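Same order as they appear, the protein sequences are chains A and B. Read the first sequence against this note's numbering and you will find it ends at 502, with the numbers running on by one and no gaps. Read the second sequence against this note's numbering and you will find it ends at 502, with the numbers running on by one and no gaps.
Don't read these hints as lab results, they were simulated from the structure. If you're wondering where the values come from, they're calculated on a predicted model, not measured in any experiment. Mixed in with the good hints, there may be bad ones.
To be verified - Derived coverage of chain A by chain B (criterion: at least 3 residues anywhere in the stretch with Cβ under 8 Å from a Cβ of chain B; other residues may be distant): (1) 29-38; (2) 58-67; (3) 219-228; (4) 241-249; (5) 296-309.
What the hints assert, rightly or not - Across the chosen pairs, the derived CB separations fall in these ranges: (6) A:E84 - B:N402: 49 to 59 Å; (7) B:Q40 - A:H206: 37 to 47 Å; (8) B:H206 - A:E456: 38 to 48 Å; (9) B:G169 - A:M143: 53 to 63 Å.
Stated by the list, open to error - Partner residues are not named here, just some residues of chain A that face chain B (Cβ under 8 Å, in silico): (10) F22; (11) Q25; (12) E55.
Heads up, the beta-carbon is just placed ideally off N, CA and C, and yes, glycines get one too.
2 protein chains.
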Amino acid sequence: MTAINDLLAFQRQTEALSSVAERLGWDQETVMPRGAVEQRSEEMAAIESVLHERRTDPRIGEWLDVADPQSEAEARSVDLIARDFNRASRVPARLAQELARLTSLSQGIWADARANDAPDDFLPTLDQVLMLKREEAAAIADGGDLYDALLDDYEQGMTGAEIAALFDAMRPRLVALREKILDADTRPQPLTGHFPQETQIRLARICATAFDYDWTRGRMDIAVHPFSSGRWQDSRITTRVVETDPFNCIYSTIHEVGHSSYELGIDPDYAFTPLGRGVSMGVHESQSRIYENQMGRGRAFAGWLFHRMSDAFDGLNIADPDAFYATVNRVTPGFIRTEADEVQYNLHIMMRFDLERDLISGRLSTDDLVDAWNARFLRDFGVAVDRPANGVLQDVHWSVGLFGYFPTYALGNVFAGCLNRAMQDAVPGLDDALAAGDASPAVEWLRENVQRHGGLKRPRALIEDATGGDVSPEPLLAYLEQKFGQIYGL
Amino acid sequence: MTAINDLLAFQRQTEALSSVAERLGWDQETVMPRGAVEQRSEEMAAIESVLHERRTDPRIGEWLDVADPQSEAEARSVDLIARDFNRASRVPARLAQELARLTSLSQGIWADARANDAPDDFLPTLDQVLMLKREEAAAIADGGDLYDALLDDYEQGMTGAEIAALFDAMRPRLVALREKILDADTRPQPLTGHFPQETQIRLARICATAFDYDWTRGRMDIAVHPFSSGRWQDSRITTRVVETDPFNCIYSTIHEVGHSSYELGIDPDYAFTPLGRGVSMGVHESQSRIYENQMGRGRAFAGWLFHRMSDAFDGLNIADPDAFYATVNRVTPGFIRTEADEVQYNLHIMMRFDLERDLISGRLSTDDLVDAWNARFLRDFGVAVDRPANGVLQDVHWSVGLFGYFPTYALGNVFAGCLNRAMQDAVPGLDDALAAGDASPAVEWLRENVQRHGGLKRPRALIEDATGGDVSPEPLLAYLEQKFGQIYGL
Chain A
13 MTAINDLLAF QRQTEALSSV AERLGWDQET VMPRGAVEQR SEEMAAIESV LHERRTDPRI
73 GEWLDVADPQ SEAEARSVDL IARDFNRASR VPARLAQELA RLTSLSQGIW ADARANDAPD
133 DFLPTLDQVL MLKREEAAAI ADGGDLYDAL LDDYEQGMTG AEIAALFDAM RPRLVALREK
193 ILDADTRPQP LTGHFPQETQ IRLARICATA FDYDWTRGRM DIAVHPFSSG RWQDSRITTR
253 VVETDPFNCI YSTIHEVGHS SYELGIDPDY AFTPLGRGVS MGVHESQSRI YENQMGRGRA
313 FAGWLFHRMS DAFDGLNIAD PDAFYATVNR VTPGFIRTEA DEVQYNLHIM MRFDLERDLI
373 SGRLSTDDLV DAWNARFLRD FGVAVDRPAN GVLQDVHWSV GLFGYFPTYA LGNVFAGCLN
433 RAMQDAVPGL DDALAAGDAS PAVEWLRENV QRHGGLKRPR ALIEDATGGD VSPEPLLAYL
493 EQKFGQIYGL
Chain B
13 MTAINDLLAF QRQTEALSSV AERLGWDQET VMPRGAVEQR SEEMAAIESV LHERRTDPRI
73 GEWLDVADPQ SEAEARSVDL IARDFNRASR VPARLAQELA RLTSLSQGIW ADARANDAPD
133 DFLPTLDQVL MLKREEAAAI ADGGDLYDAL LDDYEQGMTG AEIAALFDAM RPRLVALREK
193 ILDADTRPQP LTGHFPQETQ IRLARICATA FDYDWTRGRM DIAVHPFSSG RWQDSRITTR
253 VVETDPFNCI YSTIHEVGHS SYELGIDPDY AFTPLGRGVS MGVHESQSRI YENQMGRGRA
313 FAGWLFHRMS DAFDGLNIAD PDAFYATVNR VTPGFIRTEA DEVQYNLHIM MRFDLERDLI
373 SGRLSTDDLV DAWNARFLRD FGVAVDRPAN GVLQDVHWSV GLFGYFPTYA LGNVFAGCLN
433 RAMQDAVPGL DDALAAGDAS PAVEWLRENV QRHGGLKRPR ALIEDATGGD VSPEPLLAYL
493 EQKFGQIYGL
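With the hints as constraints, model all of the structure from the sequences given.
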């Protein structure tokens, strides 16, 4: 009994310190004075150094050797602690430090290169990051597949081969749907006008409330790139405002409410344990996506939102709720992943997945990356990339070493598809509530079936228990074909 | 060379973590969702536990044994690290934990007792705090005076006997001045009206800018009790708003700008070292007070402020700058220390100093504290305390174990008096600049002579070097007699 108690008490403090580090990151992106950058970097380094020491503390190995968990939750906690300890212990301290130093620099180099449309300024640094990440993957994989070792950090138990099979099954139907839409005569009208920041923020708060965001355990601020931050009793969201495009603010907000509500919905008994957080990036994204897309961009909620926005902005250039529903679901050609609609988004992910898998395996070198990106984009989207900032330089992920992260976005969409089908079957009257600006019946179902479990179940098991079936792309594809077929009269 | 470098590198990380803890405290008082209290308490406990372990790390003792400082700054850093290490090491871990647990509880018990005007609900807890603080003082004092051991934590090198002598020298002239003022025929008019929050905040920002607050390394938020937080590149202020009393907001802001500017004014080379913070509570208070009182409530700045406030609030019930100057310096009878004017403030401190010294020495028991307080207040102020919330329950300090802290407020006033006289002699045209809403010539003198040195010099030496004379209450008393004599026509 002593070993398990000591282990969990030690972990409790580590979880608290890790939560502090996350709060510090929030501060930096929202309220920190701009002159405090160097100081914050030293503060973050100090707390990360404490965290690294704790995660590789040899006492964890000793406790694990004799730990005797007394419940399912304790057993799963021990598994997760062991997994992190083994991953962290396999990476030499020298490599961990080099990666930390390089990725803190390389993000700035990437940002400058993107601003200057100059990939050659960034690719040598990316190559260094890639070499270190391959070294890290080799240390963790211990003879296994390098990409799988990286992917497992974001999506426990998932392999590159499984993702590849999933994407192969999805691609033909997505490509076909995309082509039909772009060939269709229907062209939903874009929203135009000037939409003052203050009104957008007020509407965003109303939408967050409609999605049952718990303001007593959260808050909303403005950030350059929207994110959510924190867990248990304190999960905050951020949004951004573009005064020509209020959907940016509103749908970013609903998306982040999905992420934050997942963290806030976890069983409070799991706070300060490894179960007290979203179980994987894919499941996390399933929550943000089902809030934003299946609900937020659904016909019922769009009808409610149309009236709220018409009132707030004194009329819109969109005639009625049906036209508005088509507007929030417009499909147009575009280079940028983060601006993509529900149909094309997954195609953006698939090309990144294939490219990064080849980079990690060594089949593709960074020297050939720009050509490979551009050729693949032309093949998948039928348009030539006009400039690197719209191509290979658009995403921050690789610059900070996030290889294996991209596929979890599409996996989140697949999970959201499965969950949405099950939820529609299980809860009658969802659309009536959403049409009245009330997502709470849906949120309650998600909380009960997904969110409250935190890290207790493995990701795939969690979704399968919630939906009563295997994880499959079929519900997502059927949903997209039905929804966009109707909007575009296909 | 290795020992000193290792010691300073270790300290650097400790300083960074301590800065993180302070930032977390700021978050709690300003932006934290109200439902996150328990979580924050566990996060704070985790980081304080890491800090306590580092402050008593046995390696510090080993490094100190062989440390060979290479400069005056390094030598002083080593002294300060040794001082903290010795203090922390002398306190048994069991006692430190009991004190931490008790004082986190007792603050709430005090707040409830004050709200209910029920001293008996609080005094048993205060007695427990007192017993633990005496035990702590005995451990640190190692045979020396208990009160001195506590005082030294806030004001290095100062003793209770020195404070007592200083206060004895001040009391008669303060009492005489107070009586003459209250007997005078002059009665400055109070400011009355309704002053909207938004306008007050805008004015407060203008005042902070007038006092050269560096907004690139700071920010201002609203808090229940105004405070400043942080150092080096990030020192934030808070203020409060009472819509019937804009002076509360404005002078709180100027006061906190004094504290924050001290931290921001320290030589950047001292960041992340023990020299990188205000050297004592007394010196800290000297900066907040000279900003707020000698400058902020001086005739020159008051004239400028009169016009700013008249414009912002569309006229005031005060006729002209001279009357306004008298209004911001009104002396009226009152029970509450934090609301006291410059003349009576120090009398509030003197009675607390005598009472807490007797509590620590055992000459006074908590059973007799209410009677002792009320008797002393009647003697010093000529008025009977009407209820405990206006008497012994008014201050938070003792509930959280801050014995030895009160006298540093009056010491700050004494230091401010000395600094003000030297500054007036050294810098011509201060009042002309203040009359134009520009405190920067004064701030520059303070930065050069006080703030930039951080912890390099001991408190008294710092003030004496800055003023070219001994620390004495004479300049403060002469300033008060001259200023209030003129306002009240004495």
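Here is what the structure says about each hint:
no. : hint                        : result
1   : 29-38                       : holds (count 5)
2   : 58-67                       : holds (count 4)
3   : 219-228                     : holds (count 3)
4   : 241-249                     : holds (count 4)
5   : 296-309                     : violated (count 0)
6   : A:E84 - B:N402: 49 to 59 Å  : holds, 57 Å
7   : B:Q40 - A:H206: 37 to 47 Å  : holds, 38 Å
8   : B:H206 - A:E456: 38 to 48 Å : holds, 45 Å
9   : B:G169 - A:M143: 53 to 63 Å : holds, 56 Å
10  : F22                         : violated, 11 Å
11  : Q25                         : holds, 5 Å
12  : E55                         : holds, 5 Å
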